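K.L.:
Sequence:
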Amino acid sequence: MQYRNFGKLDWKVSALGFGCMRLPTTDSAPISANVAEEEAIGMIRYAIDNGVNYVDSAYVYHSGKSEVVLGKALRDGYRDKVKIATKAPIWLIGKTEDFDKFLDEQLHRLGADRIDFYLFHGLDKSSWDTVKSQDLLGRAEAALKAGKIGHIGFSFHDRFEVFRDILNDYGGWSMCLMQYNFMDTDNQAGTKGLELAAAKGLGVVVMEPLLGGKLANPPQEIRKQLENSGYAGSSADLALQWLWDQPGVSVVLSGMSAMDQVAANVRSANRSAIGSLSGMETDLIGKMRRFFKERTANSCTGCGYCLPCPNSVDIPRNLKLYNDGAMYGFYAEEKRIYHLFLQPEERAANCIQCKACEEKCPQKIPISEWMLKVQEKFK
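Residue numbers (my numbering): 1 to 379.
Each hint should be verified, as a subset may be incorrect.
[What the hints assert, rightly or not] Calculated lysine-lysine pairs in the DSSO-like style (CA-CA distance at most 30 Å, straight line):
no.: 1; residue 1: Lys8; residue 2: Lys287
no.: 2; residue 1: Lys145; residue 2: Lys132
no.: 3; residue 1: Lys192; residue 2: Lys101
no.: 4; residue 1: Lys224; residue 2: Lys200
no.: 5; residue 1: Lys125; residue 2: Lys8
no.: 6; residue 1: Lys379; residue 2: Lys287
no.: 7; residue 1: Lys125; residue 2: Lys72
no.: 8; residue 1: Lys287; residue 2: Lys125
no.: 9; residue 1: Lys355; residue 2: Lys287
Since the hints were derived computationally from the structure, they do not count as laboratory data.
From a predicted model like this one, the values you see are computed outputs, not experimental measurements.
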């Protein structure tokens, strides 16, 4: 296993981290509560036996079972070999005292007396305002002083400007968890966020390195390009190597659901290094990026000029979800996001076809027609 710097901390992290959001299940339904415990424990321990020293979970993963299974996997001496990261469910915290209630429950689930990295889960502008208004940072610092947690961090889903504000508003961050891959260089925190966090001395943990598997299962056209190029690895391997090539990346999380995925990712991590991509490999990444972007369904740039919608529809988000599904050829993850993360009034189904947005759209997109397509695709 290769190891890398983790921000300013005097500790080396494995290039590959084990994400416990997509553990194998007995009902074959992804992220369900019915975790195949024996298989999952075997996978986690195999990764640790092969050098992985960073494991990540969250209060809500697998309806709460992820932390329980992880705790079982870390028995028999495995706890001493890793750092545990898990996350506080900000949206479930109704009052300041709830922070401690959830933290204590998570410690119990994990069978641990300390969580090494405790993250505020899924920060965006709204939830960051909640963290500040309820003084949850004060609660986290008290837990840090009491020894219940080792370091304070956050995971993130919003625009770069919000990411920058979160970094600048609080000086106690040790690490951050951000979505990043060769297709997300300009999305969410993006490359600018990665470089800013690294410059501030934070450990940068990358999630969704394969965009929920989309970059691991590309269309036939991409697979042919890989075969013709002479590249020895898979598309997943190339996407991971692109991340490990970058000095600002501390550890790449992979949400693995089968042992063969763990073994393949360990092999890939074993040969990872900063600045190791060849010119041919960089060209391949560029071709893959261009191919996917050419499949975009509509020309929305996310500028937001169409907002506010008179009926509260989040037009750019709906169009982006549709574009993402069209780009990669399947819509399952986008449908999940549509129903889980968009409020009912924000969904395309709430469009009343008033067309007020179309007058303001600089791309002249027939938004009302697209809202019907989005609604039909994600119903």
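K.L.:
Work down the list of hints and note, for each, if the structure agrees.
P.N.:
Status of the hints after comparison with the structure:
no. : hint             : in the structure
1   : Lys8 to Lys287   : 35 Å, violated
2   : Lys145 to Lys132 : 19 Å, holds
3   : Lys192 to Lys101 : 35 Å, violated
4   : Lys224 to Lys200 : 41 Å, violated
5   : Lys125 to Lys8   : 26 Å, holds
6   : Lys379 to Lys287 : 33 Å, violated
7   : Lys125 to Lys72  : 35 Å, violated
8   : Lys287 to Lys125 : 34 Å, violated
9   : Lys355 to Lys287 : 37 Å, violated
Comparing the model with each earlier hint shows violations of hints 1, 3, 4, 6, 7, 8 and 9; every other hint is respected.
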